[in-house]
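Q: Going line by line, the protein sequences match chains A and B. In terms of numbering that gives the first Met the number 0, the first sequence opens at residue 0 and continues consecutively. In terms of numbering that gives the first Met the number 0, the second sequence opens at residue 0 and continues consecutively.
By construction, these hints were calculated from the structure, which means they are not laboratory data. Each hint should be verified, as a subset may be incorrect.
Here are the simulated PhoX-like pairs of lysine-lysine, each with C-alpha atoms no more than 25 Å apart in a straight line [unchecked claim]:
no., chain 1, residue 1, chain 2, residue 2
1, A, Lys37, B, Lys35
2, B, Lys24, B, Lys390
3, B, Lys14, B, Lys76
4, A, Lys12, B, Lys334
5, A, Lys12, B, Lys57
6, B, Lys167, B, Lys177
7, B, Lys35, B, Lys334
8, B, Lys199, B, Lys304
9, B, Lys276, B, Lys227
10, B, Lys178, A, Lys37
11, A, Lys37, B, Lys169
12, A, Lys12, B, Lys24
13, B, Lys35, B, Lys199
14, B, Lys177, A, Lys37
15, B, Lys334, B, Lys227
16, B, Lys304, B, Lys268
17, B, Lys306, B, Lys198
18, B, Lys169, B, Lys198
19, A, Lys37, B, Lys334
20, B, Lys385, B, Lys306
21, B, Lys14, A, Lys12
22, A, Lys37, B, Lys227
23, A, Lys12, B, Lys76
24, B, Lys198, A, Lys37
25, B, Lys199, A, Lys37
26, B, Lys178, B, Lys227
27, B, Lys119, B, Lys109
28, B, Lys167, A, Lys37
29, B, Lys354, A, Lys37
30, B, Lys169, B, Lys199
31, B, Lys334, B, Lys24
32, B, Lys178, B, Lys167
33, B, Lys385, B, Lys304
34, B, Lys351, A, Lys37
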Amino acid sequence: MSKKTHTEKITRKDAIKKMGKYAALTAVGTFVILNPLKAQSTSPPDAGGNPFD
Amino acid sequence: MQVEIHSINFFFTLKNDLAPTYAYKFGEEWVLWYAKSNNYSVVSLHFKALLDTYLESKDIEEFQQTLQLKSVASNLKQIGSALLQYLEHCNTVVSDANERHYDYNPANQKISRHYLISGKYIEVNFDSQLVEQLFHPALAYLEVTHKKHSADTQFDIYLENNDLCLFKNKALIKASYKKDYHFIQGKFIFEIINTIHDKKALDWLATFHGSTITNGVNAILLIGNSGKGKSTLSSLLASHGFYILADDVTPLGCDNQNLYYNPSAVSVKSGAFKVLKPYIQNLDDLATISFNTTKGALKYIPFPKPKDNQYPCSAIIMVNYAADSETELEKTDIKTVLEVLISESWLSPNPKHAKQLLDWLQSIALYQLHYSDTASVVDTISHLFKTLDHK
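Modelling step: build the complete structure from the supplied sequences, incorporating the hints.
A: Right, here's the structure in full:
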């Protein structure tokens, strides 16, 4: 096991120990998922500012 | 209980291959990257610990044991189900289903413009003034009236069946529904950037939605939601001794992770004219573009190009202009920055590039700026540049 992985596991064990049952339930909600654009873009037009409206 | 355990173990059989490809720690948060979808996720330390435990547990018993939870089957089911849902969401591929195909039609060349940009002759043909006004004003200051025998690159932009089409050297680059014209603008400026820097699409890690300023040594990327004053701030700084490397679209090269020059003039909305007027002498003389009558006008301000085509980025600042606010620059966290940056930027889906991008992000200082007063914000940014130059 590499030193880095070993350290990560200790940190995780500590985190889990501190967490407890109820915090584990809360922790499953502490994330965001971010999707980048599929293609290059400039600033999108403001509402009402589209020349094709 | 046996049936319950069996149904919970269901959540442990589906998770294979859903694990994040890369995980990077930024302070009190982790940034995870998923190769299948090119999605990024920012999670808390606790979430990461829970996710790793889940991914490494072969069944419910092991998960329960590691978490040191007493047999609270409903909680475990809830946690297992939430983590699986999370992983599925992270791995969901959103396809660009609206790809359209058109053949090149020279009959659509009604208006021709020629530009000389960083030594390259570029010809752009439009089918109408309506289409021309979406592309020409940002480059108008680079227009040349004498037509060179043959352009280095030719673009054609025209409407076909309510789709806006972009051709480069007569080959279709992209077509989008006309109301999504910002994707064609983005692709057009991206192709201009490729042309002037002699690069290909694969040579970039990202094109960020943001403006970049430089002091000739380092660069700072200014990001923020629409109307938060990115372009206004970069224009103010460009009137006080700094240079604008890129406005609105900032490319990040993969060869050296530098930010590159984008020749577009800076687009500012009518709300910023008053703030900028004391510092930009010819503001009133610049053409005003009005896309329609219900919305305020735009001006495109050209600024002198910085000496070099590329600079290393030392900081990202999330900009927040609010009338009468004090100038305040403070460190911020990766979640705050990525929430704004990622959803409006194109990031290369190549795993090697994603790793380079995450490595690059780890070397960047992250700030949040509130401002309204020009003198104090110029002082603050000058001071920050000096600090970054000494690092």
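Q: Compare the structure with each hint and give your call.
A: Hint check:
no.: 1; hint: Lys37(A) - Lys35(B); verdict: 13 Å, holds
no.: 2; hint: Lys24(B) - Lys390(B); verdict: 22 Å, holds
no.: 3; hint: Lys14(B) - Lys76(B); verdict: 14 Å, holds
no.: 4; hint: Lys12(A) - Lys334(B); verdict: 24 Å, holds
no.: 5; hint: Lys12(A) - Lys57(B); verdict: 17 Å, holds
no.: 6; hint: Lys167(B) - Lys177(B); verdict: 18 Å, holds
no.: 7; hint: Lys35(B) - Lys334(B); verdict: 22 Å, holds
no.: 8; hint: Lys199(B) - Lys304(B); verdict: 22 Å, holds
no.: 9; hint: Lys276(B) - Lys227(B); verdict: 18 Å, holds
no.: 10; hint: Lys178(B) - Lys37(A); verdict: 17 Å, holds
no.: 11; hint: Lys37(A) - Lys169(B); verdict: 23 Å, holds
no.: 12; hint: Lys12(A) - Lys24(B); verdict: 16 Å, holds
no.: 13; hint: Lys35(B) - Lys199(B); verdict: 23 Å, holds
no.: 14; hint: Lys177(B) - Lys37(A); verdict: 17 Å, holds
no.: 15; hint: Lys334(B) - Lys227(B); verdict: 18 Å, holds
no.: 16; hint: Lys304(B) - Lys268(B); verdict: 22 Å, holds
no.: 17; hint: Lys306(B) - Lys198(B); verdict: 19 Å, holds
no.: 18; hint: Lys169(B) - Lys198(B); verdict: 19 Å, holds
no.: 19; hint: Lys37(A) - Lys334(B); verdict: 21 Å, holds
no.: 20; hint: Lys385(B) - Lys306(B); verdict: 19 Å, holds
no.: 21; hint: Lys14(B) - Lys12(A); verdict: 21 Å, holds
no.: 22; hint: Lys37(A) - Lys227(B); verdict: 24 Å, holds
no.: 23; hint: Lys12(A) - Lys76(B); verdict: 21 Å, holds
no.: 24; hint: Lys198(B) - Lys37(A); verdict: 19 Å, holds
no.: 25; hint: Lys199(B) - Lys37(A); verdict: 17 Å, holds
no.: 26; hint: Lys178(B) - Lys227(B); verdict: 23 Å, holds
no.: 27; hint: Lys119(B) - Lys109(B); verdict: 23 Å, holds
no.: 28; hint: Lys167(B) - Lys37(A); verdict: 20 Å, holds
no.: 29; hint: Lys354(B) - Lys37(A); verdict: 18 Å, holds
no.: 30; hint: Lys169(B) - Lys199(B); verdict: 17 Å, holds
no.: 31; hint: Lys334(B) - Lys24(B); verdict: 12 Å, holds
no.: 32; hint: Lys178(B) - Lys167(B); verdict: 21 Å, holds
no.: 33; hint: Lys385(B) - Lys304(B); verdict: 21 Å, holds
no.: 34; hint: Lys351(B) - Lys37(A); verdict: 17 Å, holds
The structure is consistent with each of the numbered hints, conforming to all of them.
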